[in-house]
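Protein chains: 2
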Amino acid sequence: MSVPDSPAIGVPSDPSGPVASGSARPSRLDAAIAARLRRTADGLVAAVVRAHDSGEVLMVAWMDDEALHRTLTTGRATYWSRSRREYWVKGATSGHHQYVRSVALDCDGDALLISVDQVGAACHTGHRTCFYTELPVTAPEAL
Amino acid sequence: MSVPDSPAIGVPSDPSGPVASGSARPSRLDAAIAARLRRTADGLVAAVVRAHDSGEVLMVAWMDDEALHRTLTTGRATYWSRSRREYWVKGATSGHHQYVRSVALDCDGDALLISVDQVGAACHTGHRTCFYTELPVTAPEAL
Chain A
1 MSVPDSPAIG VPSDPSGPVA SGSARPSRLD AAIAARLRRT ADGLVAAVVR AHDSGEVLMV
61 AWMDDEALHR TLTTGRATYW SRSRREYWVK GATSGHHQYV RSVALDCDGD ALLISVDQVG
121 AACHTGHRTC FYTELPVTAP EAL
Chain B
1001 MSVPDSPAIG VPSDPSGPVA SGSARPSRLD AAIAARLRRT ADGLVAAVVR AHDSGEVLMV
1061 AWMDDEALHR TLTTGRATYW SRSRREYWVK GATSGHHQYV RSVALDCDGD ALLISVDQVG
1121 AACHTGHRTC FYTELPVTAP EAL
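For the record, the sequence lines run as chains A and B.
Just so we're aligned, residue 1 is where the first sequence starts under the working numbering, counting upward by one.
Just so we're aligned, residue 1001 is where the second sequence starts under the working numbering, counting upward by one.
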């Protein structure tokens, strides 16, 4: 698999508006796809990751346009780290790779569903999925 | 189930980091749960909704503290509409109710996984799931 020689270096220009805005960083994403995205104020869409085999929901991460471009064209799930403000390829340091099987956009363009073959644990804590903390549903008529 | 008479006004003391911020609106959410949330700049966490029976991912919506409180205590999935800036109970107008079976928080507190019994279509377009638009994965060595 080829990796671009010169990644687009990202200095956010100006993510404006409460919901929709343009890409915060330079991106090679196909313009027709970019036009469908409805980003947060900081230029991101939510990426829901599920295991291709079991359907289990593994994690949620964030993508900007360029992260989505890299995910689609390399087949390796690539996200934008909000805390470190940099791209990260899942598994690059942990070895817990995510090989992309399919990507779907939702009806209003603010979320992606990424089906992956997950190597090892998806969660940095070692759990298979990040959603291991149950919250109490206390509805009196809960099913 | 008792509902507090005087809602605890939620300005969490210290949601740390560049992303987290306090609850944007007054909330009755349990303080211990609120303290674990890591919100977007507009005070929201992503809620991934899946069908309890099939495990299918149906949609992504957004919750602030109060929406999560209502979801946990009524058993009816309740979200914050970013466009209308109001709470909405899924199915209130469409009849496509979501009865909550379980709620899980992810490891870093910025996403929820809501398992529901979905009545009818989850998507406002009439599709069963909102993720009906496939994007092309063009990686040369895609699996």
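Hints in this document: simulated from the structure, not taken from any laboratory.
Incorrect hints may appear among the rest.
Examples of chain A residues toward chain B, derived with CB under 7 Å [claimed, not checked]:
(1) TYR87
(2) VAL89
(3) GLY91
(4) SER94
(5) ALA104
(6) LEU113
(7) VAL119
(8) PHE131
Where chain A lies over chain B, by a calculated footprint (3+ residues, C-beta under 8 Å) [said to hold, decoys possible]:
(9) 1032 to 1046
(10) 1119 to 1126
Owing to the predicted nature of the structure, the values given are computational and were not obtained by experimental measurement.
All C-beta atoms in this analysis are idealised placements derived from N, C-alpha and C, irrespective of residue type, glycine included.
So, going through the hints one by one against the coordinates:
1. This hint is violated: A:TYR87 has a C-beta 16 Å from the nearest C-beta of chain B, more than the 7 Å allowed.
2. A least Cβ separation of about 13 Å between A:VAL89 and chain B goes past the 7 Å threshold, and the interface hint is therefore violated.
3. Taking 7 Å as the C-beta cut-off, the interface hint given for A:GLY91 is violated, the closest approach to chain B being about 14 Å.
4. About 14 Å separates the beta-carbon of A:SER94 from the nearest beta-carbon of chain B, more than 7 Å, and the hint is not met.
5. Checking A:ALA104 against chain B by beta carbon gives a least distance of about 4 Å; that is within 7 Å, so the hint holds.
6. The interface hint given for A:LEU113 holds, since its Cβ lies 4 Å from the closest Cβ of chain B, which is under the 7 Å cut-off.
7. About 12 Å separates the beta-carbon of A:VAL119 from the nearest beta-carbon of chain B, more than 7 Å, and the hint is not met.
8. Given the 7 Å rule on beta carbons, the hint for A:PHE131 holds: about 4 Å separates it from the nearest Cβ of chain B.
9. Evaluation of the coverage hint for the region 1032 to 1046 of chain B: fulfilled, as 6 residues show C-beta separations to chain A shorter than 8 Å, against a requirement of three.
10. Against chain A, the region 1119 to 1126 of chain B contributes 3 residues with a C-beta closer than 8 Å to a partner C-beta. That satisfies the three-residue criterion, and the hint holds.
The structure does not agree with the numbered hints 1, 2, 3, 4 and 7 stated previously, though it agrees with the rest.
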